[in-house]
Amino acid sequence: MNNLKSFLPYVSKYRREFLLGILALIVTDAMTLVVPWVIKEFIDIISEMPVKEQILKYVLLLFLISLGLMIGRYGWRKYMFGLSRKIEFDILNDLFKHLLSLDRFWYQKQKTGDLMSRATNDLRAVREFFGLGVLILIDAVFVIIMAVVMMSFINVDLALKVFIPLPFISVLFFFFVREIGNRHKEVQEHLAKITERVQENLSGIRILHAFVQEEYEKEKFEKLNLEYIKKNLRVTQIFGLFTPTMVFSMGIASMISLWMGGKAVIAEEITLGSFVAFNGYLMLLSWPMMGIGYVFNLTQKGLVGMERINEVFLAKPEIVDEGVKLLDIPNHGELELSKVSFSYSSEEDKILNGIDLKVLPGQTLGIVGLIGSGKTTLAQLILRFYNPISGEILIDGNSIRDFSLHSLRNYIGYVSQEPFLFSTSIRNNIALGNEDISDSEIEKIVQIAGLDSDLKIFPDHIETLVGEKGVTLSGGQKQRIALARTLLRNPKLLILDDSFSNLDSKMEEDLLQNLKKYYRNTTKIIISHRLSVILNADNIVVVDNGAISEQGSHSQLVDLGGVYAELFRNQELAKEMKIIL
Amino acid sequence: MNNSEDLRDRYKDLILFKRVLIHLKPYSSLVSLAVLLLLAVSILNLSGPYLTKIVIDDHIKEGNINGLDVIAAIYFAVLIFSFIFQFSQTYLMQYIGQKVMFDLRSQVFSHLHKMSFSYYDKNPIGKMITRVVNDVEVLNEMLTSGLILIFSDLFTLFGIFFVMLYLDWKITLVVCIVFPLLAIATRIYRIRARDALRKNRAHVSELNSYTEENLSGMDTVQCFNSEKHNFRKFFSINNERLKEDLRTVRYNAFYMPSIDFFNSLAIGMVIWYGGGRFVQDEIQLGVLVAFIQYLQKFFEPVRDLAEKFNIIQTAMASSERIFELLDTPEQIPSMVPPKNGFKIKGKVEFKNVWLSYNENQFVLKDISFCLEKGESLAIVGATGSGKSTIINALCRFYEINKGDILFDGKSIKDINKFDLRKQIALVQQDVFLFSGKIIDNIRLGNVQMSQEEIKSISIAVNSHNFINNFPLKYEQELIEGGGSISSGQRQLLSFARALAVKPQILVLDEATSSVDMDTERQIKNGIKEMTRGRTSIIIAHRLSTLMYVDKVLVLKNGKIIEFGKRNELLQQRGVFYKLCQAQIKSEQFSAEQ
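Protein chains in written order, with my numbering: chain A, 1 to 581; chain F, 582 to 1174.
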């Protein structure tokens, strides 16, 4: 219920529409309830004194009512359904805005698929609750009460007899909805299994084909598939009973009405017109009876949806601006890491343990180490994707926590090994939101990043779309686009996280030259498996198991004969190939 | 964003519908039974107003109370039968729908497996999953609820029409005046609603992919401070969607009440014309009442069809996507039937092979080389020189454009591709581990392989030790992608996987990742063990690997610049010679240390 409360502001924003919608609905329902009464009057009059003039009066009356009905129906559809769409629109905007503010720490615990389903399926449930749910509830309650009143007004005795089977409908509905819900959940869970299987099959498809596993996989899939339809049929068993039971119960009520009502007319307890009107009201009841159960269902889903969306809204980022003391970061500051340690949680082993580092303005630091030694984590700490559990990261002696995230991330340019590109044009990927960037600036960056010859081959050059609808980019091309978009922002500190791994040696060398030429004053941190990239760094550190094990210039480290020297020897082939080929 | 593509009709609705129906064919007798039951239900459901007419005309008007109990009993019987028929019909139809869904889903799944690697290169996994899972699901909904709906609504419409004709054809004809109006309104609605729904769907899918993209690339978004810009874009897409949403709501808000208006209009005409005829004693009062009741029922299916229009439209879009996938031809069809017990001895020959992924941009240019049975070959070359493409051609993951590849002198085109792949073991750079037990990750579908056999293979390639360290040893469960296993261990595991198929040809793409020295040594020994006496092709990334192969191939920009026996190449003093010198230099270097 607390969840419902937090969504009420969305509704109250549109309270005018909401009230108009409900008003229109009540007008519609009232008109609907008048119709059987008009027909009753008509039949009573016509069977007593059949005069033609009387007929026209009723035809006109009905015509007027139907005009009113039309306007009423138009009104509640437009206002209630329109309202629910607008609420959905507002919630979705807020949700997306909130998602943009959450940090990596939170995202690591989430699955994209699950978040998507909150933004789509759960939101739809909330929308249906506010639109359809509220609508049916009001409609059902109003119509049921009024129809029952009218029927009792015609003949209490008859009404009581007819109502005998009606409560069953609602009771049955509750039972059905619950049981269908349970069985449906099993189906949903099984469908998730199928999804996982397909996903795994497609991820590993190259291996499966190389090892000729197609038939085996198909067999396994068919088994899973078969089980799925069995679970589905279990739902059908219940669901198949549902509608017929409903029709049956309503039928019994009509039967009683016909049977007892007929007798009452003959006994002259009620008029023929009343008898017909009585049947008319009974027909009006059938939908609201089902509607009550439907509302129950919609509410259940809507509340779950609200809860799941609220979970996202209630998530707070840990990495936030904490009382920003300093607005500007000095142009070329000295970066210092002092006893920095990090682990994802207190139970886990430390990924970084007591790192001490200093990078002077304009210097280049090279970082090497085995996979999983903590190099990337180090870069992410400098970017403040996480806060270290102990120690400090300082720029010119000020903790990076004293700067706003915005200015810190403007200061640092980070290029990762597998950069994420958006499915828009290459130009937009480079400009990345920077709309007032000029073509000449982009052109210059494209050249520095060595992309110009690649772009010439593409169908629409720099306007070529990336991904599904456009070209498939090679790993090297992606890395250079990522480099370009970072350089465009002219960062003071550039971190390259193995971001040349897919480039050939010629390109690698060209880019290093360009960086030297155009970004001489930029402080650089280069993380790489390929030693050729960091040979000329002012300082190189080897990270081993979260700590710095060796430090010095290339020649110093080779002389040391440790891990670095071994890595260097192992990479000779690649290096030689570059020189020779 | 350009959405015109999403809005284009690739198939006509009618053709799509027919194709969906074709999938019902295997169950045609069940379908006919379901339709018959449906017909019976529809007829039974029409009996209420008719019985009311009888009660009014034959009993109430005559003051005859005797027959009423009988009528009630008949009504009761009708309800019972209707209940039974309706349940059987629903169950039967669901059963058929599930069967069709099963067929279709299996078909889509196995068709995906028929696609070649170039298809997987182009299509994101998420999209393919949607075909197998969601689209089939939606289509099922159309088959079971949609199709039933259409039939039952049509039956009801015609049923009521005929009963009314039977009751009084003159009043029926008068009521008919409403139909053209209804038809015009429906047509206007259908055209507009269809357009709005299609545009809406395009916006929804754009919105979803934009959200998904932002979620996956959140690091980048935040790193570049582009939250505001992305929100503005999101807002504008969302706004477009809202516009179409509201348009749909508006169309419905006009159309639905108009149906009610026609309904009232029809009732008004019955009262006016029928009432007149009653006054002149041409019809009985019961007929008039029955007409009013039937007309109320008559417009229900019409309203229903309009409400379900959305579902049917969505289902059409899904079926379109499914058929588009099923119509994608297999790029490397198996022209040659599989042969039982097919074996390659191990001689491999490339003859002037050309291959391109995109048109005219050849990745392999005139590649020719020959390996005798049991020989090992190292391929060296820079990134993008075409090393992996040689493997792709050898395993026939891609079709070569020109030239031929011969196994024991037999053309690759004359060998069934599955037979061929069974003879080749491929070890890739990035090892993919499936969720499940370690033992199943090694033997894959070869379930008859015993644990003993697998153990001895694992010992041979040095993977036994770390597997044995798991609490459940070979029965240890891995998560997808093998999260808990280090990259060195993955490689050792993939060696065991390769040997488990007892291949004649081994293809190995050496991993470039740096691992600790101990693992490095184990990997080196594992590779030696695998290549012993087996035709092997290794894409080499380590100098040390070059030291124990028989032949070497140096590749540059898709062309061979050197190929030959290791010793001969050394004498030639070409590229390979220089590479080896570097190795010797560095060995001397480390000896000095």
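What the hints contain is simulated information worked out from the structure, not anything from laboratory work.
Ideal placement from N, C-alpha and C gives every residue a C-beta, glycine not left out.
Be aware that one or more of the hints could be misleading.
Unchecked claim - From the structure, some residues in chain F lie toward chain A, with a derived Cβ separation under 8 Å:
{"hint": "1", "residue": "Glu793"}
{"hint": "2", "residue": "Ile893"}
{"hint": "3", "residue": "Gln894"}
What the hints assert, rightly or not - Some chain F residues near chain A, calculated using beta-carbon distances under 10 Å:
{"hint": "4", "residue": "Glu643"}
{"hint": "5", "residue": "Gly644"}
{"hint": "6", "residue": "Ile661"}
Taking the hints in turn, this is what the structure says about them:
no.	hint	in the structure
1	Glu793	holds (6 Å)
2	Ile893	violated (18 Å)
3	Gln894	violated (16 Å)
4	Glu643	holds (9 Å)
5	Gly644	holds (6 Å)
6	Ile661	holds (8 Å)
Checked against the numbered hints given earlier, this structure breaks hints 2 and 3; the rest are met.
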